[in-house]
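Spelled out, the chains give:
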Amino acid sequence: MTITKTIKISFKQLLINRGKSFFAIIGLSIGIASVITMVAIGDGAKEETLNQLDQLGTNLITVNAGKIKSVMQRKQNTDLMTTLKLKDCEVILNSCPSIKEVVPSLEGTIKVKYGNTTTSSMVNGVTTSYFRIKNFTLEKGELFTQMDDKQSMRLAVLGGQISQTLFENEDPIGKTLLIGKVPFTIIGVLKSKGTTISGSNLDAQVLIPLSTAMRRIYNVNYLNRIFIEVTSQSKMKDAEDEIVSALRSNHRLDLKGKENDFTIDNQLTDIQASESSAQSFTWLIVGVSAIALLVGGIGILAVMLLSVRERNSEIGLRLSVGAKRRDIVWQFLVESSILGFAGGLTGFTIGFVVSEIIKYTSQWHISMSPISVVISLLFSIFIGLIFGVIPAQKASRADPITALQKE
Amino acid sequence: MIQLKNVSKKFSNNGQKPVQALKETNLVINQGEFVAIVGPSGSGKSSMMNILGMLDRPTSGEYYFENREINTLSEDELASIRNKKIGFVFQKFHLLPKTTALENVELPLLYSDRKNIRGLALDALKQVGLEERATHRANELSGGQQQRVAIARALVNEPEIIFADEPTGNLDSASGQEIMKIFQELNEAGKTIVLITHDLTIAAYAKRTIQIHDGIVNEN
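Chain order of the listed sequences is A and B.
For the first sequence, the positions run 1 to 407 when our numbering is used.
For the second sequence, the positions run 1001 to 1220 when our numbering is used.
In short, the hints are calculated from the structure, not lab data.
Do not take every clue at face value.
In silico DSS-like pairs for lysine-lysine, Cα to Cα no more than 25 Å straight-line [stated by the list, open to error]:
(1) A:Lys5 - B:Lys1084
(2) B:Lys1098 - A:Lys8
(3) B:Lys1098 - A:Lys20
(4) A:Lys5 - B:Lys1181
(5) B:Lys1092 - B:Lys1181
(6) A:Lys394 - B:Lys1017
Please model the entire structure based on the sequences and the hints provided.
Here it is in structure tokens:
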């Protein structure tokens, strides 16, 4: 018998037994729907994390003065170290071959005031390369230059959020901002980037030239951190080793037999950590999906077994009018595959709708990849086929004489 | 056309004493005959029909169908003979419920390689005078009409022989007579018909009667 005839017969029989078909489809579709939704949420979370990491800048290593401790997942300096100096930047740039760019940074929390509005803000002194290596883009205005830094100009670039807090709908460009008691001219506003996965809000900071920060605001000669851009991602580990050895030698730590007075934060480690947690989440999804699909498959198995039992006389009749045993096997296999496919399609529709609802009612990032949809549809046909094997074999083994007597 | 040589059929049921349903049966049925196999319940007539219709194989002896010994044929070959050369009519009609008369008649054609399935099925329904009921579901038809659909199904592949097992058993006498008339007409048109019945008045429609009792065949 041709496959088209088999499909036609199977469709017809499923329609005749539509009540049972419905339950088999619902069982599997709930499984598929939960898989589709979970994968969409999982992929979305993964994409979001990688996006956030990307926003931090690519191939970035941060050298922090002193020790860094994670408190409630936020990285904080635990003790003040004044050993990180501008000289270290030079040494790193000159002695580490895997390094492309070095950005010294000095930051602190200080009161800023515009008009009648005063707020406490992170004021960060950086060199002009900071904006490029941290992937900041301008919303309006301009950035300060190397020359401005050399001349310790009182110029400020605002993060998106602090600009909103102080100026609301007013245009901040050209306005004067008091940082502590020092007046600064605002020359630019940055596009918002949101909160990083480590918890720091990059949009709430005021950025000023480094030399201005060191001389006019904080009046110190040390740095909090140095941002270092590495030539390529494959050199991240090499770069870290080079930096450690350059700093230890420059700080004469080896001679004194001391521990590092700085902490290295390698972004690759962060990416790998988040990728590995994403991986665990993926395994969780795979596990739950396997159970959901197994339950769906068992639903199909139960319905098909029941169907074989109830349709014994039909099977006997088909055999007596000339159906070969393999025709019966194929008929039942095709029936269960159709159930699988229908379950998959219904499940996809439900999963899609649920994902969309979640997307619009929560802040979650949802990402539905066409590949996962195709895979789950193919897989549901496969499940139908696999769980149809036992019923199909049972059906084909029927003895036509007994089957015809059973009615 | 059909020849049984010393055919026996034994059933053994879970260690119970084996039942001998047919004993050393010899029988010849020629093309174009209308034969009634008559016997009381449990006489072995159903076993006879199952073997003749190739739904079952004899325990011993030889069965020649158109000069081919069926014991040498595979299950697929038997299925193919059932499809092309044999038509069955059962006491309980055995129509697929919730399926139209036409689709029921089409059933044997689905397992053959013949084209124009719909047209052939309609022709068969015409032969039994039911073309107007083609789109009715089987369960919407009367007993007599259902049996006529079953006859159309048996005819649709233009078989050499039709086996009818108590075809009037579930019908009132008027419908029964109608059905028997159809068989008579079919026989007159050249079809070989083997009728299994316990009812002698029904058997009287046949041209030849074979009695069966305790698995032993006696020809009148």
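Outcome of the hint check:
The hinted pair formed by lysine 5 of chain A and lysine 1084 of chain B meets the criterion: a straight-line CA distance of about 18 Å does not exceed 25 Å. Straight-line distance between C-alpha atoms of lysine 1098 of chain B and lysine 8 of chain A comes to about 16 Å, which keeps the hinted pair within the 25 Å bound. Under the criterion of a C-alpha separation no larger than 25 Å, the hint pairing lysine 1098 of chain B with lysine 20 of chain A is consistent with the structure, at around 15 Å. Restraint check for lysine 5 of chain A and lysine 1181 of chain B: not satisfied, since their Cα atoms lie roughly 35 Å apart, outside the 25 Å limit.
Of the supplied pair hints, the one linking lysine 1092 of chain B and lysine 1181 of chain B holds, its CA atoms being roughly 19 Å apart against a limit of 25 Å. This hinted pair does not check out: lysine 394 of chain A and lysine 1017 of chain B have alpha carbons roughly 28 Å apart, beyond 25 Å.
Violated hints for the displayed structure, listed by number in ascending order: 4, 6.
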